[in-house]
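From just these sequences and the hints, can you work out the full model?
The residues making up each chain are set out below.
Number of protein chains: 2
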Amino acid sequence: MAKVIITAIILSMKRTLTTEINKEIGKEVTLSGWIHKLRKLGGISFVVLRDRAGLAQAVIDGSKENDKLKDLTTETVVRITGKVVKEERAPHGAELHDCKIEIISPVKEDIPIAINKKEMSVNLDTLIDNRPITLRNPKQRAIFRVQSEITNEFREFLEGRGFIEVNTPKTVSSGLETGGAEMFKVDYFKKKAYLAQSPQMYKQIMVGVFEKVYETAYVYRAEKHSTSRHLNEYVSLDLEMGFIENYEEIMDLEEEFLKSLTERLKKNSVENFEMLGAEIPQIKGKIPRIKLSEAQKILEKEYGEKCLGEPDLEPKHEKQICEYAQKNLGSEFIFITHYPSKKRPFYTMSDLKEPKETLSFDLLFRGVEVTTGGQRIHIYEDYLKKMKDRGMNPEDFEDYLSIFKYGMPPHGGIGIGLERLTMKFLNLDNIREASLFPRDINRLRP
Amino acid sequence: MAKVIITAIILSMKRTLTTEINKEIGKEVTLSGWIHKLRKLGGISFVVLRDRAGLAQAVIDGSKENDKLKDLTTETVVRITGKVVKEERAPHGAELHDCKIEIISPVKEDIPIAINKKEMSVNLDTLIDNRPITLRNPKQRAIFRVQSEITNEFREFLEGRGFIEVNTPKTVSSGLETGGAEMFKVDYFKKKAYLAQSPQMYKQIMVGVFEKVYETAYVYRAEKHSTSRHLNEYVSLDLEMGFIENYEEIMDLEEEFLKSLTERLKKNSVENFEMLGAEIPQIKGKIPRIKLSEAQKILEKEYGEKCLGEPDLEPKHEKQICEYAQKNLGSEFIFITHYPSKKRPFYTMSDLKEPKETLSFDLLFRGVEVTTGGQRIHIYEDYLKKMKDRGMNPEDFEDYLSIFKYGMPPHGGIGIGLERLTMKFLNLDNIREASLFPRDINRLRP
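Protein chains in written order, with our numbering: chain H, 543 to 988; chain S, 543 to 988.
Note that these hints are calculated values from the structure, not bench results.
All residues carry an ideal CB built from backbone N, CA and C; glycine is no exception.
Misleading hints may appear alongside valid ones.
[Unchecked claim] Heads up, simulated DSSO-like pairs for lysine-lysine below, C-alpha to C-alpha not over 30 Å straight-line:
no., chain 1, residue 1, chain 2, residue 2
1, H, 727, S, 928
2, S, 848, H, 733
3, H, 660, H, 610
4, H, 733, H, 833
5, H, 579, S, 947
6, H, 947, S, 659
7, H, 556, H, 610
8, H, 927, H, 869
9, S, 727, H, 660
10, H, 727, S, 733
11, S, 732, H, 734
12, S, 884, S, 826
13, S, 947, H, 642
[Said to hold, decoys possible] In silico contact screen, one side only, chain H against chain S (beta carbon under 10 Å); selected entries:
no., residue
14, 681
15, 707
16, 948
Quick look at the structure:
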């Protein structure tokens with residue numbers, strides 16, 4: 543008997559999500575969430591309830607129920623049980639009538655920022671300073687739903703191709719890229735340590751173990767610039783793969799990933815893109831691949847930019863090349879390849895045909911670099927020679943070099959900046975909008 | 543015509559994995575990988591090839607092919623094309639005959655540690671010091687395949703239940719748990735910063751946004767002890783969920799996760815467990831849940847341990863209680879609940895019926911705590927009171943407290959130590975074996 547009663551209570555409490563009420567027309571349902579909007583008109587309260595899924599409207603009638611809302615304001619956490627009625631003007635085409643309301647957590651003080659407006663009228667600093675509450679805004683949430691789709695697709699796509707996830711350390715004794723420059727120092731039991739600026743060494747080691755590996759983890763750059771596209775702590779979607787025939791295979795894989803990602807977003811995220819006024823990019827056929835030197839010729843010819851021979855593209859040039867690619871090559875993405883050896887880290891493989899150029903690439907998207915990648919040297923003696931040429935001491939890289947001494951296949955990989963990719967997918971103005979709790983030169987909180 | 547030829551080359555190069563050769567009996571296949579074992583007998587070489595999937599044997603006959611192996615030793619990276627022949631004694635019941643071998647990366651120097659033995663005869667320090675090569679040993683690889691299954695199951699299980707992944711910062715200005723004690727200091731542009739010891743504050747903030755969130759990321763503990771079960775940098779599988787009815791729901795969820803995980807391991811990982819001589823735990827029915835005080839009574843009665851009233855279990859007690867649970871309750875897992883308030887962080891919710899006890903729990907498994915969890919306070923005023931009682935200053939926690947000011951549902955969550963769970967699943971002696979590149983008080987490399 544007791545069991546029957548308990549089951550009955552549980553059933554009556556079963557929670558429906560706001561987005562599901564239109565499947566329950568005529569039935570009684572229970573919603574839980576935050577009071578997103580509250581309008582009191584005479585003896586009636588109109589509540590827009592927000593839960594993790596979306597919004598739904600409820601009409602609170604009668605003094606008994608309305609008394610519970612006395613002195614309370616938005617963001618109060620409530621449970622509302624009511625009958626679902628068709629209502630074209632309400633979200634999801636339905637609303638709740640004859641409601642009983644239960645206060646879970648009362649809020650008496652108005653939230654300092656109106657998060658229930660479509661456009662929150664706050665500047666970037668206010669938005670970020672008040673993250674714990676501004677993230678509750680539906681548009682803000684949409685950004686991170688898309689970000690989660692990107693990460694999940696990265697993992698699932700690679701798992702489906704025989705890659706395995708690795709966890710590589712972020713507290714390190716030195717860096718491959720800059721040897722300590724632009725790295726954050728950590729006091730590690732009185733020893734000198736740094737925060738890793740990339741998993742490069744470790745993911746190459748792991749190619750010797752599992753051939754194809756990936757990692758989705760924070761990396762740290764102690765760069766002092768404050769721009770709209772740099773964070774000092776960001777999530778890097780990293781992969782590294784062995785037994786490649788050539789460096790084009792790495793770009794092929796990223797292209798396939800991006801196609802698979804856009805398909806996923808079309809399936810799962812249309813609503814989020816709509817909310818943010820952004821368009822899911824189309825990738826038709828191959829993403830164009832041009833050499834840096836070709837790109838520089840285009841920049842001179844089309845934009846009058848005299849940059850031929852420069853080791854890299856300036857931000858302005860990246861914008862121009864993307865504009866060019868979209869207009870003339872019908873692509874929002876473009877691979878720029880063959881960066882000069884002197885601009886790339888020592889482990890980058892040179893092009894045998896043109897040794898001053900490397901088998902490396904950047905992927906540009908909507909005006910910004912979103913990926914760096916390339917093929918790595920895999921022969922021990924080649925490392926020794928390259929290090930000697932650069933005045934580096936192989937003894938400083940003993941752990942790393944040991945893997946090449948004992949057999950490594952041709953390999954290469956990429957690193958994708960998650961927040962930057964999210965920003966460009968959603969046409970956000972600033973990368974900080976694509977990080978839940980961004981860290982920059984001035985910001986360590988919230 | 544050119545297209546036909548290119549296709550033919552690609553087809554002939556198509557790579558087969560070692561574990562798949564038994565499906566290709568009588569056919570010619572190409573394997574790629576490392577020479578795991580090499581035995582030269584007269585004019586014949588017996589090669590055991592290792593690739594990411596496993597091992598396969600190839601017989602290299604004839605002086606032309608054997609000459610290529612002259613001066614070379616194990617770990618040489620090769621491509622071998624040959625005909626698959628049934629051979630009961632070989633791995634996967636088949637081996638390659640009439641082989642052509644191509645040297646991809648030659649190795650002339652013997653690897654200092656014999657990684658091709660079933661049991662590498664090295665001590666823990668040597669194992670870890672030489673990680674870049676010892677990880678190539680098949681038993682070592684098996685550990686991290688299991689680890690990857692655990693993480694993937696955690697994510698997939700939670701995604702299936704409406705959770706969303708969050709990325710919370712690891713560079714923070716203070717800590718919730720100890721307020722800076724036992725945290726690593728970071729020099730953050732001359733500002734005082736720390737490495738996060740848990741995502742606690744952020745995951746609670748995110749309950750206010752998405753209700754149910756998870757994160758799989760490194761956390762940092764600057765504890766000076768050097769034990770077989772602590773790492774200073776470890777992956778925490780964290781989740782936090784809102785709108786719970788009671789704290790038991792959190793344990794219910796973990797129980798379901800663990801059941802789902804053991805099912806997955808039975809499907810995907812039997813071979814890895816066999817290789818490591820470990821057994822996948824069985825979870826029949828509910829995992830027992832007992833109060834700390836009950837556990838202490840059992841310890842006194844069964845083991846003569848006088849610990850009633852102690853705020854926590856000692857490592858010895860954890861072992862004893864697990865032994866007891868296995869013998870008497872038929873479970874390798876046991877939840878210990880109701881730790882005293884003074885032993886738990888300020889955000890832990892007290893039991894209304896017994897205010898000195900909290901709605902918190904640890905999960906013990908095979909003698910060790912693998913999870914800490916509990917229900918959190920969700921009412922603003924309750925935080926203020928608790929902080930006052932503990933002599934804490936609410937102003938130091940302004941960001942955090944703002945979420946409770948503006949409505950939070952009842953919520954709670956858990957943190958699972960990934961390496962520790964891996965260690966106990968596989969009966970490893972030391973947690974360092976369950977970390978690719980472990981960090982401890984003495985170790986910052988490789």
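Query - Hint check, failures only - result: Numbers 1, 2, 4, 8, 9, 12, 14, in rising order.
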